[in-house]
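Participant: Dock the two chains into a complex; use the hints.
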Amino acid sequence: MDMKVSKKKLGLKEKYKLMTRDLGWEPTYHSKEEVFPYVGYEGIKIHDWDKWEDPFRLTMDSYWKYQAEKERKFYAIIDAHAQNNGHLNLTDARYLSALKIFLQAISPGEYAAHKGFARVGREFPGVGTQVACQMQAIDEIRHAQTQIHAMSNYNRYYNGFHAFADTRDRIWYTSVARSFFDDSMSAGPFEFMIAIGFSFEYVLTNLLFVPFMSGAAYNGDMATVTFGFSAQSDEARHMTLGLECIKFMLEQDPDNLPIVQEWIDKWFWRGFRVLGLVSTMMDYMLPKRVMSWREAWNIYGIENGGALFKDLARYGIKPPRGWDDAEKAIDHMSHQFMLGLYQWSFGTAFHSWIPSEDDMNWLSAKYPDTFDTYYRPRWKHIKKLADAGAQFKNYGLAKLCQTCQLPCVFTEPDDPTLSCHRETVYEGETYHFCSDGCQHIFENEPEKYVQAWLPMPQLFQDPIKGDLGEWMKWVSLLDGKDNGDYAGSEDQKNFEAWRGLATTNQ
Amino acid sequence: MAVAAIKEYTAVPRDLVANFHGKQLVYASWDRHLLFAAPFLLCVPPEMPFGELVSGPLSMLVQADPDAAAIDWHSVAWLKANQPWVPDFAASLEANGITHKTQLRFRTPGLNSLSAA
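Protein chains in written order, with my numbering: chain A, 1291 to 1796; chain B, 269 to 385.
Check each hint, because a few of them may be wrong.
Pairs of lysine-lysine, DSSO-like flavour, derived with a Cα cap of 27 Å [as the list claims (entries may be wrong)]:
#: 1; chain 1: A; residue 1: LYS1322; chain 2: B; residue 2: LYS275
#: 2; chain 1: A; residue 1: LYS1335; chain 2: B; residue 2: LYS275
#: 3; chain 1: A; residue 1: LYS1335; chain 2: A; residue 2: LYS1322
#: 4; chain 1: A; residue 1: LYS1341; chain 2: A; residue 2: LYS1537
#: 5; chain 1: B; residue 1: LYS291; chain 2: A; residue 2: LYS1755
#: 6; chain 1: B; residue 1: LYS291; chain 2: A; residue 2: LYS1683
#: 7; chain 1: A; residue 1: LYS1763; chain 2: B; residue 2: LYS291
Since the hints were made in silico from the structure, they are not lab data.
Isolated chain B, as found in the complex (with noise of 0.2 Å):
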């Protein structure tokens, strides 16, 4: 469906990768862990490895999880755009296809110390 309006309706998104200053925006939810409120938003450069995403930013941030430490990043489980999809961590976010506003998600079968099973 179209916006009701009374004369051509023209609209430009807000948030374009052009916006970024070189860098882009990549979403990562770790499942079933809840700890973290919301899948975290990162803003890093395309020409990032992908191993360098986890090894950064992502493993900074779920250190909090009493998981973190038992996580094996080389054996989880990872959705790219809610679909199975395996990484190539020494490519880059690009070339693993990781484009602006692109939701990673990964999971851990058997960790779950504050979830209800």
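Here chain A stands alone, though its shape is the one from the complex (with noise of 0.2 Å):
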């Protein structure tokens, strides 16, 4: 018999130490800029590598053990919410617009943040860094398969989910948020890092999920919810790592810091347009909702961001140049947004409408300075043409920006009643924008933006040549089933069929 030999157990320290910073050694073979290329171009001036802290010193070993178990615990409730039927405890199938904004434009973005950050944990030379981004891009894959799971049960009775890739990588609304991520893939390391690690993490990602998962909650949506506890914990780590990173880019050369300052102005401003579709979702898309797009602005944005800026300052980096705007465009934007949406339903793969009574109600309720004077009666006109039988659709098209690529639905900082009209010329060929933030962010980089992939154009050009029809095929857009009103949808008479089944003796 075997006699057992007790092992002595590494300390924590110690088990960091040998399965991170000890496998950093110096190559011989080549040189460290050969193995390292793509380190220098930015202008981001680094002399310790070593000075990278990781606070949770999490190994690979623990975090295997540790997102197992998770998942566990998350497929058993998946599991459960699919065998009760769960999606008929749903508030409303008007709910399930927000998820399909969620699934067709966000969770590729997790998918995106996978390879960005796969790609950046082999372009950084400190381990630190290595561990901490390889822990992150499996995190943001699990995320996207977990997302997916999660709303998948929704694919099997309601229209919309069905071609979400598709949808992300061809229709329009979605390409604020595609444009967001490509735009951070094809930059360098650490302006990736700032993209995606600090001011999506860090800045914006309380905005997009706390309204996001609440708003599960509050609408009873089990699955999407334990998403969000699933993702809870490794959410802390990625706003750290974001933190670390913008700090360690401070400390380590004073000559780093306008260039991290142009990265945070840029970052802010495509992240609060990305937030354009958040704002909707808030104010207009849950039936039962958790608080207006304004209020989380103030406690997300103001205090929250406010807070972190101050922090800040002893580095010198000053508030994003955006945020005076950003702050005038909170009473109006998921106004502007959710009339464009309702407008151009014809082409969206999932369902808008035209608020109740009620809603208008909470809508000024909660906007006291702007609803009742811009967008009652806009949205009053709109129910008189439906009541007539003539739904409005607006069939022009919309003037998209080039760098946010949504349609410039946005007015003057300091004029709600007129639209904001910018544009630039750069090598012979005109340039519009829906703001300064986006001019100023095409000004900086214009060879970058001029590539733009624009989803109206696009429609004019081969293969489509401006066939609707055709390009609603291209899209895998179902005509009479994805898109429209919501009124009269088939997930509406379904949703109300089964529920009735479920909850009366008919």
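Facilitator: Spelled out as structure tokens, the structure:
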């Protein structure tokens, strides 16, 4: 019989050192520059990679163990949700529009973040950085998968979920998120870290996930809530990585400050435009609302963001350039965007609707200075057209912003009755923008943004050549099923019929 | 500023006029009439007379606004590329200097049924 030999267990600190920092050997066959060719060209100067702090000290072996446990719990709940017809516990099937937008526009962003972190984990020379990026890369692909799995149950019963990958690639309202991630993935490793690690994960993530996950909880979507809990502990690590990265850059060399500031300005504004989608979910799409977009901004934007930039002021960092313009837009953007989504709903793979009288009263209470003055009259007119049997459809399609790729739905910062028109000429071609923020980003790197793939102009080029029916096939949009007004949709009819079966004796 | 890159960076714009099969993009918007959420994107041939652009696609698209019937197209004030401008209705878009991706705006003071004054 073998005798048990008691092995000496490694301490946490020892283990971490062994499994991370000790992997950072000095190359001898090739120069460091050859092994890490992308780390210098952005102009960021690093003198000592060992100064990178990794407060979590998580090693891969404990990472696997920990995540596997979470996955087991997650899939148990997803199974139970599917088996017990969890979809009939929703407040209302209108809620699904928020979910569809999330699946089409945001979940693919998790996958993009996975690719990005896998890449920068290879491109950064520091071992602490490499390990942290590697873990985040695995987190992000798990998030993409678990979100898709959590929502796939709805695809068995409802329209608009069946072709999210085509929607992500080809439809128009997702390109704001797609271009955000494409822009970051085609930047250097340090800019990527500011874009995703700092701007997205630190500054914007609460504005994105809190309304989404709380919205799911308020509206009876246990599948999505479960995903939220599963991802939450990862997010804390991601936020730390982003903040550590920015502090590391700023502490390594004073020359890094202006570069970092420019990136913060850029990625704050790009992220703010992505949040345009979120504002419509919060103010219009959740049947049971969590809070208004304005209230969320006050907490997560002004209070939390304000505190963060106060903290970074000791490095010389100023609040992002677009901060004041963002504040001016808060009471308008969800209404401006939702009016657009409704009038172009023939081209959306989710439903929208005219807000009810109750909804409009809620909106005027939450937006006392803007809703009744500017937006209620438009909705009332659209309601009048619908009541007369002529649903308002704007077949004019829309001018898109060259930078954020959203339709130019936003108004002048100081005049909510006038759309914001901005344009510039670069090498003989005219380019249009939704805002000063987007024009500024373009002018810093015009060579990059002239290549933007803009969905609406694309509709008139090969292979579609302006044929709306062909376009619908190309984006995998089923006309009369996925698109249009919620009122009278298959989703509405089915949900009401099934719920009726579940809750009455008819 | 130029984009930071490890080697020479060449870029080809995706929306060159050559990609539109003899047509071009023209953007048009009706100032202070925000029932229409964004400027219209029109894809039209450069030989089209300006008057036809107005009486055709533009008039059709603005119909949903309650002020549409009251527009007197010959007295509206026009902007081209955000500068005041007077069109020649009989001449083509090209002869009017309306090139690919030109933004036109028009203003109808006094007509503002849905707009806060």
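Participant: Check the structure against each numbered hint from earlier and tell me which ones fail, lowest number first.
Facilitator: Violated: none.
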